[in-house]
Amino acid sequence: MGLATFKGGVHPYEGKELSEHKPVQVLMPKGELVYPMSQHIGAPATPLVKKGDKVLAGQKIGEASGFISANVICSVSGTVKAVEPRRVANGTMVNSIIVENDGEYTAVEGLGADRDPKSLSKQEIRDIVKEAGIVGLGGAGFPTHVKLMPKDESKIDYILVNGAECEPYLTSDYRLMMEQPEKLVEGLKVVLQLFDNAKGVIGIENNKPEAIAKLQELVKGEPRIEVCPLKTKYPQGGERSLIYAITGRKVNSSMLPADAGCIVDNVDTVISIYNAVCKTTPLMRRVVTVTGDAIANPQNYEVKIGTNMQELVEAAGGFKTEPEKLIAGGPMMGMALFTTDIPVTKTNSALLCMTKDEVAANEETPCIRCGKCVSACPSNIVPVMMMKAALKGDCEAFEKVNGMECMECGSCTFICPAKRPLTQAFKEMRKTVMANRRKKAQEGK
Amino acid sequence: MNKLLNVSSSPHVRSHESTQSIMMDVAIAMLPATAFGVFQFGLNALLVLIVTIAACVLSEYIFEKVTHRKCTVYDLSAVVTGMILALNMPADIPLWIPALGGVFAIVVVKQLYGGLGQNFMNPALAARCFLLISFTGKMSTFTLDGWTGATPLAVLKAGGEADVLAMFLGKIPGTIGEVSVLALLVGGLYLVWRKVISLRIPVTYILTTAVFVFIFGQQDLNYVLAHICGGGLIFGAFFMATDYVTSPITPLGQILFGILLGVLTGLFRIFGGSAEGVSYAIIISNLLVPLIERVTLPKAFGKEGK
Chain A
6 MGLATFKGGV HPYEGKELSE HKPVQVLMPK GELVYPMSQH IGAPATPLVK
56 KGDKVLAGQK IGEASGFISA NVICSVSGTV KAVEPRRVAN GTMVNSIIVE
106 NDGEYTAVEG LGADRDPKSL SKQEIRDIVK EAGIVGLGGA GFPTHVKLMP
156 KDESKIDYIL VNGAECEPYL TSDYRLMMEQ PEKLVEGLKV VLQLFDNAKG
206 VIGIENNKPE AIAKLQELVK GEPRIEVCPL KTKYPQGGER SLIYAITGRK
256 VNSSMLPADA GCIVDNVDTV ISIYNAVCKT TPLMRRVVTV TGDAIANPQN
306 YEVKIGTNMQ ELVEAAGGFK TEPEKLIAGG PMMGMALFTT DIPVTKTNSA
356 LLCMTKDEVA ANEETPCIRC GKCVSACPSN IVPVMMMKAA LKGDCEAFEK
406 VNGMECMECG SCTFICPAKR PLTQAFKEMR KTVMANRRKK AQEGK
Chain B
2 MNKLLNVSSS PHVRSHESTQ SIMMDVAIAM LPATAFGVFQ FGLNALLVLI
52 VTIAACVLSE YIFEKVTHRK CTVYDLSAVV TGMILALNMP ADIPLWIPAL
102 GGVFAIVVVK QLYGGLGQNF MNPALAARCF LLISFTGKMS TFTLDGWTGA
152 TPLAVLKAGG EADVLAMFLG KIPGTIGEVS VLALLVGGLY LVWRKVISLR
202 IPVTYILTTA VFVFIFGQQD LNYVLAHICG GGLIFGAFFM ATDYVTSPIT
252 PLGQILFGIL LGVLTGLFRI FGGSAEGVSY AIIISNLLVP LIERVTLPKA
302 FGKEGK
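Chains as they are written, first to last, in the working numbering: chain A, 6 to 450; chain B, 2 to 307.
FYI, nobody ran anything at the bench for these hints, they're computed from the structure. Just so you know, these numbers come straight off a predicted model, no measurement behind them. Incorrect hints may have been included.
Claimed, not checked - Computed cross-link-like contacts, SDA-like style, restricted to lysine to any residue with a CA-CA straight-line distance of at most 25 Å:
| no. | chain 1 | residue 1 | chain 2 | residue 2 |
| --- | --- | --- | --- | --- |
| 1 | A | Lys135 | A | Leu197 |
| 2 | B | Lys300 | A | Leu197 |
| 3 | A | Lys393 | B | Gly138 |
| 4 | A | Lys432 | B | Ser10 |
Just chain A, with the same shape it has in the complex (with noise of 0.2 Å):
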């Protein structure tokens, strides 16, 4: 049998030996650090402190506001300077909490202390997760407290831990999964403690042998454990696909994992629930790759969020060139980012920084229907006609030739030989029958 896959994707360069052999370094912040409400999906959450108020490490400042919002927890401790909006990695401005580092990182009562899982409740696992702060570490910023609490809990019969990073220069989850491997397995253990009917299976691309082999070793005695190498192919670590290639279960626009029987956790994520449970300590840090051909010394960090990118530039020894794009997150799904005065987020997996941007250095020539986004588009759709309708701007057609099935993954941009700008026309068109639905939705109300 071939290794596990999905049909489509591409193949991009992968610039993953810039950092794959850097340990993760602890990285302390320096200045001061910004806790913005919304790094999640959902409401964003309430702040708890004001203006002048002494926080601590491991303190709960902001609140989750809804079923679907997530709490923040502040990182060090110090003194509140302003509760004000500031600018994060997708060019708004989130409200957010501004903290004067002490240094001393003084931590409230308990944190950090050995907790044994199997003593808890699934309840209480559930409330510990959710008290965290834990969200999808990936990108997406989904609550992973909403994710741990399905309709159906018996319906769940597989947890899987998305190790395949399939994004391009990325290597944090690897580095975690090379140098905490115990941390992952503990974790998936807490997870599978909650769905009694689960298996739990480690999903990593094949790019990544040594991972692979420290992983399966690991998990020889688990019963309820395995790993699965995958091909190494963009977008592998796509929630649709991954699920896909592991179960050969199908799951679209309209469904959750869940409905599959499935529920997806990032490697960072899982970590994070074995931190939160088994060391009582809430979502205070992430692994972050700071790398490209720009940066001097490409590295991976263990920092601290709130801590100001610029930091993380100077630490990996500053710019060796001078970029023309700076990117938080992957080239395929990253977003661009126009200073480097924002914080880093609970979703922020890296920071690449690039010499050349390939997208100003192509020139957008007509489509020659080469087909060729037909047969790397992981949702088996058709982009050229979904092109055709988002350049009429025409939403009823958008919808009839599936464009809601995207995911925005990028593949069809990436191999479009005519360099047109087909994810980024999707996006707007997507966004656009969401809030046609959903004025819709509430004119019928």
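Chain A is already provided as a structure; the job is to place chain B on it using the hints.
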């Protein structure tokens, strides 16, 4: 930092392939057949090639200059059109005919409909059919080694026998590029290897034609093989029916398209007045592409059951 950073929506990387690199691959793939044509039909064939390609490129350049459009000569699509058209010409044609064909292909079929990607018929083939109707005699007189002879399919239609081995190698009268099945297959497989084309259209086209002539023609292996090797079927199947702009983009649509082509080619050959029919089959099928695409829209991932 002094320079402003570039900001754009993801993805931020692009593959190395371009329209130009694809067109270059198609041109390279036609080189074996081109070389064979020049070797067999001599200097005249080379002149026809040069004149046709020059006519295509120049008319594209001039048209775009006159209409103040962006010059697209460098994407090499006009070169490919010129090559296909030239390879569809008899070697002894007076040179003004391919020149006229080149201008017709680029100006009328391609540019007037909006340029690259917008034409609904294969420009080279539409031009060939235009020339075939306008100058039937000159366009269908084929000489080989000084002898004017009928093409193998015409012989076959008149009740004669065909030498399949000669047809496979190319020692037959015909247009410059269609004669050597061997040279065409080398180029066709290059395109498949380079992932420029998939085998869906060529294979279904050739197989359907074979089945059709077997059922409605003669139940004879030699006869069927002659139909596969003759009349530019291999050239058409690999290089003209697979033209991106004028073939379906959906995988199922490509298979339907191949079947349609095979049926039409068989109909023209067995029941039609002429011995051949590849060109007409392709341009007629080109017109049905939007319809084929509409009915073969693939089911999205995870929506198969609905």
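Problem - Unsatisfied constraints (hint numbers, rising) - result: Those not satisfied are hints 2, 3.
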